[in-house]
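Chain order of the listed sequences is A and B.
All the letters of the first sequence, read from the start, carry residue numbers 1 to 1007 under the UniProt record's numbering.
All the letters of the second sequence, read from the start, carry residue numbers 1 to 473 under the UniProt record's numbering.
Hints listed in this document are in silico derivations from the structure and should not be mistaken for laboratory results.
It cannot be assumed that every hint is accurate.
[What the hints assert, rightly or not] Across the chosen pairs, the derived CB separations fall in these ranges:
(1) Gln-286(A) with Asp-182(B): 24 to 34 Å
(2) Val-441(A) with Ala-335(B): 49 to 59 Å
(3) Glu-189(B) with Tyr-861(A): 51 to 61 Å
Glycine residues also receive a C-beta, built at the ideal position from the N, C-alpha and C atoms.
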Amino acid sequence: MKVQKLFGTLFMLLLTTVAMSQEKTITGTVIDQTGVPLPGVNIVVEGTSNGTQTDFDGNYAITGNVGQVLLFTYLGQKSERRTIGASNVIDLQMEEDAQALQEVVVIGYGNQEERKIIQNVGIVKQEAIENLQVVSADQLLQGQSAGTQIVNASGVLGSAAVIRVRGVNSINSGSQPLIVIDGVPITDTAGNTLNRGGNTGINPLSFVNPNDIESLTVLKDAGATSIYGSRGANGVILITTKRGRKGENTTVTLDVSTQFSQSTDVPDILTADEFRQFKSDIATIQNGGVFVSPEDLGLGAIGSGGTDWLGGVQRTGISQNYNLGARGGSEKTSFFFGLDFQDTEGFIIGNDQQRAGARINIDTQVNDWLKAGMNLGITNNRLNRVGIENNINAPFTTAFLQSPVVPAFDDEGNFVQSGSFIPNIFARVALNTDEVKTFRVIGNAFTEITPLPGLTWRSEFGIDKLNLEEFVRQAEFNTPGGLAQQIWVNEDRWLTNQTINYSNTFNNDHTLTVLAGLNYEETLRTRSNVSSTGFLTDDLRNLGSGATPQVLNGDRFPSRLFGLFSRVSYDYKGKYLVEGSIRRDGSSRFGANNRFGYFWSAAAGWVLSEESFIQDLNFFDYLSFRASIGTVGNDRLGTFPSLGLFNAGGFGDYNGESGVVPARRPANPDLKWEESETLDIGLKSTFLNGRVNFNMAYFKKTTSDLLLNQILPPGTGFNSISRNVGEMENRGWEFELSTVNVRTENFEWRTNFNLTTIDNEVLALNEDAATDPQGRRIIDGPIQRAIEGESLNNFFLIRYVGINPQTGDAEWLDVNGNITNNPGSGDRVVTGSPLPDFSGGMTNTFTYKGFDLSVLMNYSYGNEVVIDGLRFADGNDAIGGIVNVRRQNLNFWRQPGDNAFLPSPNSSTFDLFNQRSSQQQLDASYLRIKNVTLGYNLPQSALDRLGGLFTGVRFYLTGTNLLTIKADEMDGIDPEVTDDIDPLFQGESFFTAPQAKLYSFGARLTF
Amino acid sequence: MKTIKIIALILGLCFTFSCEDQLNVVPEDNVASNTVFGSLATINGAVVGIYSKNQSGDLNGMPQLISEFMSDNVNFVGSFPALQDIDQFETLATNGSIDNIWIDAYELIGAANNIIVNLPDVSTEDVTGLTEADKARFVGEAKFLRALTYLRLVNHFAQPFQFNGGSNLGVPIIAMPFEGGDISEFQLERSTVNQVHSFIEQDLLDAIASLPADNGERAESGAARALLARLYLLREQWTEAADFANQVITSGEYSLAANYDFYDDNPTSSEHIFVVINTPTDGPQDESVPGSDEVYVNFFNPAPGGRGDAPFSQDLIDAFAAEPGDRRFDELSQAASDAGGNDTFFTTKYPDIVNNASDGMELRITEMYLIRAEANFRNGSSVGDTPLNDINMLRNRAGLGDLGTVDLDAIALERRKELCFEGHRRMDLLRNNLNLRPGGGPESAPGANKVIFPIIDDEIVNNPNITQNPGSF
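Chain B on its own, in the form it takes in the complex (with noise of 0.2 Å):
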């Protein structure tokens, strides 16, 4: 008897030994923080993260389609209480669709960030396989998504150039990774747009003389340029946006397109400059919803399959039945009834409605074209090739004749009809000091509050040195 308490005891002990160790588990599924950084494979991986925050359905899907419905592009009909606010320009700070946008976009931008401050530090010769060459260009590819979503964020959160010359309050810019420590380093004033677009223009810079001219899919010099194009043109640059412009389309890396069929999953098509690949299997992923999370894609298709929320505006339809036998409407649109139960056109530019993959438009050399067409009209210029000449080009790849003469209208209807649904709309408009609705009234006019989005609650509430937007919000 007594043998068997003695044992028991000692097993009793040896247990709780034993024990004690076992309680350090490490996750399977995840790489702790401090790993990142000690191979080549997790270094490409953190920045292959960032291209896979900039392909999040809140940072590249729904900013387009709330500009295309906040403007006269699309007639929203859907039931989201969120989105039904945008629309009605009742926007408040709460604004579930809104907070997305702004929370991923500095999500992003930390991701960034960590790169572009922590790569230069890490030396070669700790990690097998870095070259001096890669860390450059993995710094070149972070500042151009860092670019790419600081002028998503000032084109969203503040008024565009023209309001104030671009004196008045942008984003905040962080350029600091965040790493637990003081977080008021992290709660900053507004810089102005002019502040911010500067930002954007040196990070675009630094990105042109640090990428290769052909970076397979991800990020390229050309890229870099062509939204550099996109920014002078949003600050009236006109020399430097027909400049940068023509430098893409003379690259020899990007050609028009013969036809539209680089919207269906055709990512090397030499229409791309910039694309954001969508697959079925990149996420982030909601369990219940298969695929890729381009929630958007449901809002542009019909039911079954589609919500059926973002038809055509009658507008838009107008505007295409003024000239018949456009191929961007013949081609690109589908007759379905909306979520409404009414029947009208829905674009088809996003088709995959199984698994909600459907590539994002982000730098075609379509508008590159336009670029250089309106700044070089705008400028009294031709550098590349004339206005007229450029537009008659695009024009008959729609299957339309040739205009005799060209002049803002022209330019600016064939920038909607080859743009449209595809997130430039509403940018195009504010900055042509143009209403957002054809006869809408002041709620939707150049410089009104609802206009732009409001600083999210969030913001707000952390960040005591933030300003709010002008307006109720």
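The following block holds chain A by itself, in its conformation from the complex (with noise of 0.2 Å):
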């Protein structure tokens, strides 16, 4: 390329010389404001279409006559002019244009000069995402941006994370964050697919290419969601997918990259012959130190085979990865085009995943005063699903549990039935089908009117369309006479966002931005749920080939929503900033009684490195002080919430004929949204050359009017009536630090940190709630309990402290913290919290020329998990004592002074040992290595051995989830678990699938 650049200048000079000789040329260096020369500067004569550009050297030629003026522009430089005058030179000195180079991010409802931003917003940019390797975009988030928390529940494919935005924000409603992309609020309804278990619901960010995204934006504090008004109570996730730049030359990128995954960790449990002698010892034991041999306990004979369900259910898994993206523009159209394929296969059975995309983003500058312009992403997903958690068709549940003695196959490699409810998983998985197809757009068009220099109206009109199909079909090895199920969902979003912006200087000083604009959206979600069941054989495979089939839903559920808002922002000389916003928020959800909601927020901000006496330290580059306050809703509280239902179809019929029965919620026509209102509190700086960012702020959002089921007394036949009624707080701190190690000329080291803490406290619940001995209103689970005036989550156990070495009895504390070997359930006591006292990540960049290496970590401290399924893979009467156990259950108690893992099999305690206690309740600190990446990119000299075919050639190997510190008692089991998004029930987990461990090489070419 410069060689031909070089070329076309020396052409265009000779052109310029020869047929303009009556004119005189003009010479000249152009260098940047630190005396570099500048390659590549435009340089036109105004007003004529004679231009050159500046050579590798910074040195121009052009002809021209005295008195026109020479048009010097480059990017990021501040454009300049010269009119010729005697001199035959004009050299030139550029300066950096500030303005220029002041990155904008996006925000709600429109873009902000990134100095000029007084509202929360945690911003992942592209360099932080471009050399990821993930899945899905949710991915792209974790660790990166301070207050964001993202667990991922499992290495299962299709599984949604839990996204908390500054923790947990309601306790019967959702939590979870709303999503816009390119200013689509999308749609995330869970129930749309069948319940396998945990958050296999279909994950809604898996709906954007991740090579596709160009930037993040998590909106934290009230003056940047109550632009959301009624929706943005749970922090809203910004997706900007990227953008052609006007007058750049096309790009094309491809990336291929294979991948292998496998698991991180899984238990050690116990093989056929160990399972034998463990029982035939504990047997023994029992009685009385008679023999008791494992064939006497059907249990066959040592040595006589079974199955390694474990090692049966993981595997290899191979995935292939192309993208393919082109960006570039002319004068005045710019344009993206992406287009991906993903051939992913997970590290467990079963479990397999292929995913097309397709992309193109387009803008057009129709004329001085119109611009329009189009997003349009269409993802088309096949899924392969497997259950997971307490499911037993979930693999890596019930392989954790079948008795290794069960045989799979046959001698003739049929497989058997296992003769217990704990299937035969390798049948389940080898014959049943369970496949989701997913095809999905998301898109909007827009027209932007600018009428008055600094009036904008925006027009945008955006859908987001999913049409889902889920089908099922159960082999008569299974489910005796066979099973289809097949499910229709459509859920349309249409909306349309009107907006008119006006942004003027006055008197250089006094900035003013008023937006004002109006959102509507219509949701309408269509279910089918068909099933059949009465096959004569498997190659029948359809519902109409079933004896019986049966209509299991069909229903519609329509939702609008109408918002009108408004944003006022207000600056004197960048210096002082002071911003309003307001919305009003309408919608078919809530009650016939409160059917509107205004949010608002106010915030002000102080930018200190631009007052003079700050300057004079000469040590901060910038500076910032700003506060916000306001409020904002949830409405994630169902279709109808409202209203006093009967319902009809399968819960009203009897015996062919159609019936309807009372909903078990009476009518509430008061019922609203949940409203928070955030203080926040928070400092920007850079210093030390730009070599240092240090971030800090303080929240306090508390969430009222939460919903809370009143429970109704049963004998009024109804169950409860919601009301809003509850308060929470959720407070604490968040730290980003961004830093230059090392920079030097070959040699750079980036690091960049955060950390956030989160208190959440319930203020009040119901008055009619249940209580607890001291008085205080509870929401009781059987492992975790909700008190007012602690923590929403806490882990509400009986305390475990151990085997005693001498008795050889298992002893537990009773509420009073006395020893005891019988509790019950009033000896529950507070153990523990899922929720961390800090959290965050930690990304360290390396780069020395031509190579990079970035290391992700992400880390959580002071939680705990309790793993439930350890009630049946500790002990030894789980289920009648047929399930398989975890290694450690092989040290039981066998004389005074033994430190053992299980009682003594002769005492009381033995079959109590596994009851529901803190020994299920284990230490979920952790750091891990979340994504590292080493990088090679070709060098200018390789690159043009290769003729020049390509602008950038890059090689990179990945690993994730390289390793994981944690407690020595989580061994086999992952740390970063959950197996619901429902508030109430984080950090439980029965057996989660663990996460996987992915090695990916690729390259990347770009064209």
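Mind docking these for me? Both chains are given alone in their own frames, and the hints should help you get the complex.
Below is the structure:
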């Protein structure tokens, strides 16, 4: 390219010399502010088509007449004009254009210069994510932004991560943030697919190709979110996809990679012979020392074989990723085009995914007052699902629990029945089908009219169309008679945003921006769920071939939202900034008496680095303080939460006659959104010549009108009535530090670190809530208890102490802290919390010549998890003793002095040992090396040798979840678990399939 | 330019006004409460809805299953802790399986109350096609189903009549529907067993008066008479018990089936007086489990298909083995291994493991013969026929020879073999002052605290007037 440019310049030079010999030739050198020559500066004689560029050494030559004006332009520099005078030499030092270099950040319904932002937003820019190889976009956020906690529930493909912006803000309504892709708030209904345990519903973020993403903005404080009104309370994640730049050469990027996937860590369980020996040893002891053989117990003789179930459900998954992106633009039109194909194999048998996606983003400047464009992303996904967690069809759970002496195959290699309700999981996976196909279009078209300078009317029409089909076919072997089930869901949202934006600077000092807009959305979810049973043979696949077809669901859920909003920002010299916003939202979900809600925010900021007394310190490049306060709502209440209804269909029908029955909830026309009020105070700074960035923020978020179910006396025939009565607070600190630790000519080391602390407190529960013996109101669950005045999430369990080395009895503490061998539910106390004291992430990036290495870690400290499945995988008696156990169970108490894991088989506590207690509560603090990427970019010389075909060639190796530092007791168990997105069940798991350990290598070619 | 701006503003304003109207969205798959009494179809629908409630597995299925394993017919080997607790007489008030029985029962009662209280006020002039006869029949059906449910509640949540002559606490009697107002009328103290029994008696007498003799597969007057006979048997009112059982037998509406084909999807069999009809499509549903919600079918059947949790007890196997050739064992059991891997036998009375849609046995003519025989025997009477003839008739159907004489034990044994897995055994043992388990200890003895269920925690927490049963719940 450079060579061509050189020739071009010379040719131009010759041409101009010949053609315009009567004019004089001006020569000169263009340098930048540091004195380095600038190659490629555009120089034109204004008003003519006569132009040239500087060469490698910043030199140029151009012809022109005296009095004509030369215009020098270069990206990132201030444009300069020089009038041709008497001299034949015009040298120029260009200056950096602060305005142009200013990063612009996407915020709600607009953009803002980063240095003028007084909202609290977490920004994840392209450079932080472009080298991450991830399956879905939620993983791009993990560990990158303070206050945003992502818990990947498992390594199962298609499972949705739990995303929390500043903690849990609701009890009974949804707590997931609103996700907006290029201005389209997308739907994320969890119930669109069959429940297969845990969060395996379709991940809403799997519908945008991570490679298409330019940046992510997490809106955190009310100043940022209140413009989203009744949907802002859980935070908002804005995803902006890549766009072309006007006047940019087209670049094409092809990225091809291969990935290998394995499980990170699985529990160590007994082999068939160990299991036989274990059962025989225990039975012998319990039999007063008289030998009981494994055969006596019906387990077969030692050495008679068995099945490695856990080994059999795992594999090394091999995946292929292809990604093609093209971006560029002419003077008026710019475009981005993306195409991707992922063929992913999970590390669990039966778990595969194929995704194909395409995106086209186009902007065009039609004329000087009209701009138009379109963003369109299409994804087609096919997923073979497996169950997880407390589900007998979950390969991992069943492989942990299935007895190792149970054979999977007979001598001829045919599947055999397991003989118990824990199925032969190999047969389930091999013979059954559970496939989800989704097709989704998310996009919008817009026009932007600028009738007057500074005034813009932007009109957007968007769509989010989800088409989902799930097909299940259970084979005769697994389900006598067979079963086919098919679910179709159409979830369509169309919306329009109309905004008018006026921005102007008065007297050079006063900048005012006013935004006013409306937002209307209509969502319709339609579902058909049909099944059929009674198939003659497995070869008859589909619904129509079964003897008993039945419609399980056929329904439509409409909802509508209408909002009017406005935001006004004012700053004086970019030094003193104020901003206010208001939104009025009406929603069909709210009760008739509370249909409209008002949400507002006010924020102020002071950029100290613009003050002379700070500038005199010569230390800060940038320093600002800001504060904001405001309100936002949460409308995740369901579709018709306020009406009293009679249910029809299967609920009311009897013997072929149609009937209706009262739904379990009476009417409440007063029902409304949950409202959060947030106070946020923050500081942002840059110093040491831009080498250190430090930001911190404190927030306090009080959520009132929490929707709580007031339990009705059962005599009413109703379950509960939802009322807006609860109150909860989240407060915490967020810190972000990014540093350039070393910067030499060839070597650079950068570190980004973030840390968040969140304290949660339930301020008020409903007056009629259950109370504990101290008289505090509570919401009780089998594992957790929310207590008024304390955190929403407390593990509330019997305290397990251990095995008494002298007696061999298991010991617990009663409610008073005394040792007991026979605790009851009254001995439950607060034993831990699933909420971390602090959590966050750290990225270290090293570059050396063409090499770059980035290491992303995330961590969580001070939280616990409860692995409920250990009640089965530890001890001797679960499910009649037929299930396998972890290896540490071999260490049972035999004689005084033993430090045993399991009590003496003769102890009265032997079968009580694995009852629910803090024995299943484990320390979940961890530090995980989430992603390591080593890349090598070919140097220019090598590219030249390739004939200039490529402008960039990059090879890379990536490892994901390579190492996790965690407590010893977590051996074989992943600390990053939670089997439910329900706020009341955080940190609980039955048996989560572990995270995937991924290795990939690939190449990225740029043309 | 100006023009564009003006158009924009106008467009924007139009949007503002039109959008607000758009926010009134009505549900498409439910009926709002205020329209239910608007048509004959929806009134009938609301009555059908009560049957649908009655057909839920938590009201018809689980209580029977639990009664069978609490007593000596079923050896429970399942892994659900809530059921294990009941099996081991360690039930707590927070037990999730019991919770559903209480809650579903009062939901049904609420739905029935809605008809019983509100339908009489609906004018036949306002609803096309509605007649006074329809209204009486609908109210009669609601009363029958309400009585059936109250009897189920009082049998499980209170000590039987024999405990203290019926003066002990029963369950709260709710006779009004909740319509969103004051909840204190629904926070009642428990009435005594006698009060609950007489409430049931009155409902059934009203139902007998207003129900037709033949009402298809819905409740008819014979069903109300049969249930009343059962109530009198439980109350040891032998004369009335024999009389009402005899009325059903002699009504001509029902007769002993020739063989045992009435268990599997045969609701029109002459054997049935009132059967709970389960179909694959009648829900209530859990979306991930196609078919009906009668999960107890899973417990009664071995893997694959079932869970294999509720096989025959050894005691019941022995009882059948004592007199070989009994068709009620040979034709109604299958050999298989249970959830614990032991070889044993399972009942085939609930065979539909594909859709869990096996019918629930509620009232069948055999029970009327057994009631008549027992009541006659105890009363020294022979209303309709002698106990010996009644018992021999049932034995002959089972392929067994005639007995020469009968005594109470022989009647009780026949009753056990005939009605096993149908939920009668626990009450039969308790009312006869027998331990629920052969060789059982004090925990399973009649009158023990946990041979009945605790009042559920939700009721205790939300009803300050309720009294818990004795025992540490």
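Here is how each hint holds up against the structure:
no., hint, in the structure
1, Gln-286(A) with Asp-182(B): 24 to 34 Å, "59 Å, violated"
2, Val-441(A) with Ala-335(B): 49 to 59 Å, "57 Å, holds"
3, Glu-189(B) with Tyr-861(A): 51 to 61 Å, "52 Å, holds"
The structure fails to meet hint 1 from the earlier list, while all remaining hints are met.
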